[in-house]
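Asks: Work from the hints to combine the two standalone chains into their complex.
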Amino acid sequence: MNIHEYQAKQLLRQFDVPLLDGKPVFTAEDAGVVAYHHFEARGISAIVVKAQIHAGGRGKGIIYDPETNQPRMLFGKQLRGVVVIRPDEYGNVAHKAYLAARQMLGGRLVTHQTGPEGKIVRRLFIEEGAAIKKEFYCSILLDRSRSQNVIMVSSEGGVEIERVAEEQPEKIIQVHVDPTIGCQQFLLRRLAFGLGLEGAAFRSFLTFVERLYRAYEELDCSLLEINPLVLTNDDRFVALDAKVNFDDNALFRHPEYLDLVDTDEEDPLEREAAKYNLSYIKLDGNVGCMVNGAGLAMATMDLIQLAGGKPANFLDVGGGANVERIANGFRIMMSDPNVRAVLINIFGGIVRCDRVANGIMQALEQVKVTVPVIVRLEGTNAKEALEILRASGLNFLLAESFEDAARQVTAALSRSAA
Amino acid sequence: MSILCNKRTKLLVQGITGSEGTFHTAQMIAYGTNVVGGVTPGKGGTRYSGKNNDRFDYDVPVFNTVRDAVAATKADATCIFVPAPMAADAILEAIEAEVPLIVAITEGIPVRDMRTVWAALRGSRSRLVGPNCPGLLTPGECKIGIMPGFTATPGPVGVVSRSGTLTYEAVWQLTSLGIGQSTCLGIGGDPIVGTRFVDALELFNADPQTEAIVLIGEIGGTAEEEAAEYIAAHVRKPVVAYIAGRTAPPGRRMGHAGAIISGGKGTADAKLAALRSAGVHVVESPAHIGRAVANLLSTKPKKSPAKKSSAAAKKATSRKSNKSKS
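Protein chains in written order, with this note's numbering: chain R, 1 to 418; chain U, 1001 to 1326.
For reference, chain U alone in the conformation it holds in the complex (with noise of 0.2 Å):
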């Protein structure tokens, strides 16, 4: 089991024939995604496998539209490429078009465009994963976006976390020690993003192949204060957390949109402190992040979290479907 994507997922590629669409499909491809079809306006009708270095295997019918695509491909799942202009638009195409889960890779999306995309989410049929985001990595099964497949190996552990590169360093450090993951989702550092850390950690709650989960968080807004709260409330699996940008001055943006101490909000030692107050383990050092699951899944008592991570599943459940009636 994983979250979100497995050898099942059929993928839409919006913006294919760009040349990170083509890059990252071919990518995608090569690490065995069912690429099922792509989406470029004006290019619909033809058939596509790649360009000058970055050839396809096979190659993947081109649609007009998301609508057109899923009527021919049934695809389940859309990765977004499309430049940040239109990309909200791409993103609103493909929630009208009901596609399940969207992943957008896009970086730098206006925040206007991205309010509009989140009110359009609400009631919808879809998940959006980012936007400014490396996707997510089912290992040995799937990849959706642009993490570097071979950090990555099957196995107990779920990471979330809001940048990119330090996820892949994160993933790396757990299967340098021998400790595979489940999935692997980055959420992206925007300040408005579709999935947050409290939906992906509902998630890995509710997997049974999760065993431990990974939260990599940094500064700016109130999303690891969320996700403590909910942890508290709900996770029964050990998690461990790191949040980047102790160091960080206040009002500077670092890179990330997102990533900004703003009026005293959004420090990473306030983050720390509802972590550790909601029984996460915290670690200091970036470096220490995989040998700190190595530590908890070696000490962890081998059946009693199976039994409650089970009744937590169950909870996560009830409380999706309450949320949803309201």
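So that you can see chain R by itself, here it is in the shape it has in the complex (with noise of 0.2 Å):
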């Protein structure tokens, strides 16, 4: 589960970890209203607005408009998702914070992470401007391979980590941290000194990531990214940019985070398919699919792309699969239109085949289907199951193994383009 950089530091505050002072804003109105009373008004001269999306990279990200795909401008230049603002000719904080709020909501924003598509700007967030000495990265993460928490620090921040880890990989420094013991210091010290920190700089880097681990942990992260991390001119470090994710196993200790989720980010029949516990990831394919079981579904996903197709979809219905899932996840694959056939493919194991095809017959009063529906059966009833599908009177294609429901799809597709 993702949030927005706002929503991550309002959830680290929690925890005392070093911020700036921020406030999220959803009108341009607020944001005259908030960058006046909340800053001007206290003496506070610069501030940041940062649209909120669900994407990195915003700062170097172009603003469009989504009914002429023109960039947008401001003040003579490229809008960004990031601005930056001072009092100048433009006018005083608060206007130039209107103008921009006005500019940025509705616009497209464009990432290196959210494809060409971009993402619609919804939310702002305005923070205090900081006096910035320098830029440092900052993520804890499960390291996969060791199955332990690692601390990563890099003096290279504000870029991709992915970046410096390739061309620099001697400027991430890292820490494990085994749970029987615990972020002790000295594994902080080993992080400051390896970044060269000394006097207040050091102290205060250590205080900060002690904060940050505590969170991660109680807060049931997969990911805590700070970046960047800087320090400001007087030697103290706090967190420019926040990224958490959730360790969505852990949701049940955390129901308050339901609150947290912006529908407007969610694909709606990703959100649909939710509901019913279904697990469905929408593609750009126009093979739909329909399995049971996650390894199987990917692997039927790479079948339809080896017989000439693009799936369409990633559908598990899960193991215990009863004739409501099977429906209403049929019914979800069937509501994109890209969709040119169907294959669905179920090992019946603990799941009984004849429930499946109950499913889909139950599925197909709901909704009408024009394209071919390839149908692979296997398992516990899968006899019996055949003939619910085949008595349906119904035109289904029937593929007798994993094999032929890959040439039945190639034969399908080749059908439909001729």
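Bear in mind the hints are in silico, worked out from the structure with no lab data behind them. The structure displayed is predicted, hence computed values, not measured ones. There may be inaccurate statements among the hints.
Stated by the list, open to error - Straight-line alpha carbon distances no greater than 20 Å define the calculated EDC-like cross-link-like pairs of lysine to aspartate or glutamate that follow: (1) U:LYS1265 / R:GLU160; (2) R:LYS310 / U:GLU1284; (3) U:LYS1265 / R:GLU162; (4) U:LYS1074 / U:GLU1141; (5) U:LYS1265 / R:ASP143; (6) R:LYS9 / R:GLU210; (7) R:LYS310 / U:ASP1269; (8) U:LYS1265 / R:GLU170; (9) U:LYS1265 / R:GLU167; (10) U:LYS1265 / R:GLU166; (11) R:LYS275 / R:ASP259.
Replies: Right under this line is the structure:
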């Protein structure tokens, strides 16, 4: 589960992680009001307006007008996802914040992480400016090869850490945390010495990372990334940006996270599927697939590609699929208009194939199907299931094996292309 | 021979009176697994024989704690069906009771809990398989977990996989071609699992019944790359591999908690390349797993691999003893 920067910072504040003062806004008018009352009137003359979308690279990203597809302009320059505001000839801070927010909201922000379609900006975060001496990088995540958390820091902040790892791996310093020992000071000192810190900056760094680690553990994060982590001119470390991913398996411990979901950031079909506990991911292909089990679902997608198609979705109806789940899954899969053929691949182990067949029949009462439906059922009660489908009088294409299913997909696509 | 479980295995079931535990215990007993007892806190001292449509062929004693159960039954394996919020506690209880083989079927255990479990496993007397796995099955002898027994038949191929139904598919392809399996092992799709590919390869490599190995991986993590390294250095038996998720988009979790390409890491192509360079027979299509094994076994020279495999077995054992010393 992903959340916005401003939400991440609200959570980190509970753990006293050093942050700048900031407030989220949802309209241009609010941006002006907040910029005045919360910042300008209190003597803060430099602020930053940041677009809130679930993707990184916002500072370098460009905002386009969704109607004209032209880049939006502000004060004679191309508008980016992050705008620094100081009083000048264009106006005072509040007025400029209002103008910036008006251009940003509703714009389509394209960054290297969003893909060319970008994301519509609907929320903004206004933060006080900082006098930055140097930018660093800090993240905490699971190192899967060691089954332990790793804290990674780098003196190369504000850039993509993947690039640093590739070009200057020596600039990344990491320590692993043994859960039986915990995040001890010696580990943090190793990081601080590795970055060449001293004096007040050294002490501030230790406090920062110690609190960040506590937040990571107690919030059940799967990733906590601060990029950039900045050292201010008065030698304090503060988080300029914050990215938090949660461990979905731990959501039962944090029911309050549900309030942080931004439904605008989710695909409507995926949201619908989640209601029925279906694991569905929308893709941009032309062959829909419905499978039981995540591994077999991925394998079925691969098979579709090898057969000359492109998977339109990932859909795992799960091990204990009942009639309703199958019916809902089928309906959701079929609501994607790009689907030109469908492959249903069920290996009945625990799940009984006749139940799956009944689910498909139930779904067909609600959904009109105009594309070829290839069905491959194997395992428990497969014979009974095939009888149900045959008796329906509907035109299913029954595949005898995984291999045969692939051939039928190829054939169906070439027929529909002809 | 086989790995990890056979007809002598004495199995406990933790969470035996729950609906999942009941259903699958009935299935395991029907397969021939020797289930010697169950654990459900608060129901100790009773006997249990299933409920509703899921009836056991015999009733089994239920205990309050794993310690009690092990003391009374001398069980050497346990299968865990406890719901996710309490599952890590159940695994830790089994580790503390020194059960040699712990198989955790439960899906959805928080990673934070599993970090603690992983730390507790170090230096313990237990091996954990899973969590979020289908368990393991030695055809004709013993089934621990939820694999459908009808797919498997005894024979020379060891199967190890991160997936559930895809494992059944691969095993079914083998069985349909008349090729049997020594043991089928599902290691689970979570970011932290107790038994990794490398551990499974070490066991299959040392098992004289196993003549060839099928490895089924998926996107995410580096377990397949580590397996490739281990195969290149230690395994002389032929290995056939398939990696699921070539068409999966980066940054999206594909059903399994561990199946995600993040920061450009964990792609199927990188894993396939690593396995290829280790001499593994990589199949592009999941429909060709069985046939690839059939080709390998039919072209394999009959005598020399047996010798090599016993040498490799010695190597694997000596490696293990080194590891436990360090």
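Asks: The structure should be examined with respect to each hint, and the outcome stated for every one.
Replies: So, going through the hints one by one against the coordinates:
With a CA separation close to 14 Å, the supplied pair LYS1265 of chain U and GLU160 of chain R stays within the 20 Å bound. Under the criterion of a C-alpha separation no larger than 20 Å, the hint pairing LYS310 of chain R with GLU1284 of chain U is consistent with the structure, at around 16 Å. Restraint check for LYS1265 of chain U and GLU162 of chain R: satisfied, since their Cα atoms lie roughly 10 Å apart, inside the 20 Å limit. For the proposed pair LYS1074 of chain U and GLU1141 of chain U, the alpha carbon gap of about 19 Å is at most 20 Å, so the pair holds.
The straight-line distance between the Cα atoms of LYS1265 of chain U and ASP143 of chain R is roughly 12 Å, inside the 20 Å bound, and the hint therefore holds. Our distance criterion of 20 Å between C-alpha atoms is met by LYS9 of chain R and GLU210 of chain R, whose separation comes to about 16 Å. At roughly 18 Å between alpha-carbon atoms, LYS310 of chain R and ASP1269 of chain U fall within 20 Å of each other, so this suggested pair holds. With a C-alpha separation of about 19 Å, the suggested pairing of LYS1265 of chain U with GLU170 of chain R holds against the 20 Å cut-off.
At most 20 Å may separate the alpha-carbon atoms for a hinted pair to count; LYS1265 of chain U and GLU167 of chain R meet this at roughly 16 Å. A hinted pair counts as satisfied when its Cα atoms are at most 20 Å apart, and LYS1265 of chain U with GLU166 of chain R qualifies at roughly 12 Å. The suggested pairing of LYS275 of chain R with ASP259 of chain R holds, with an alpha-carbon distance near 16 Å, which does not exceed 20 Å.
In summary, the structure agrees with every hint in the numbered list given earlier.
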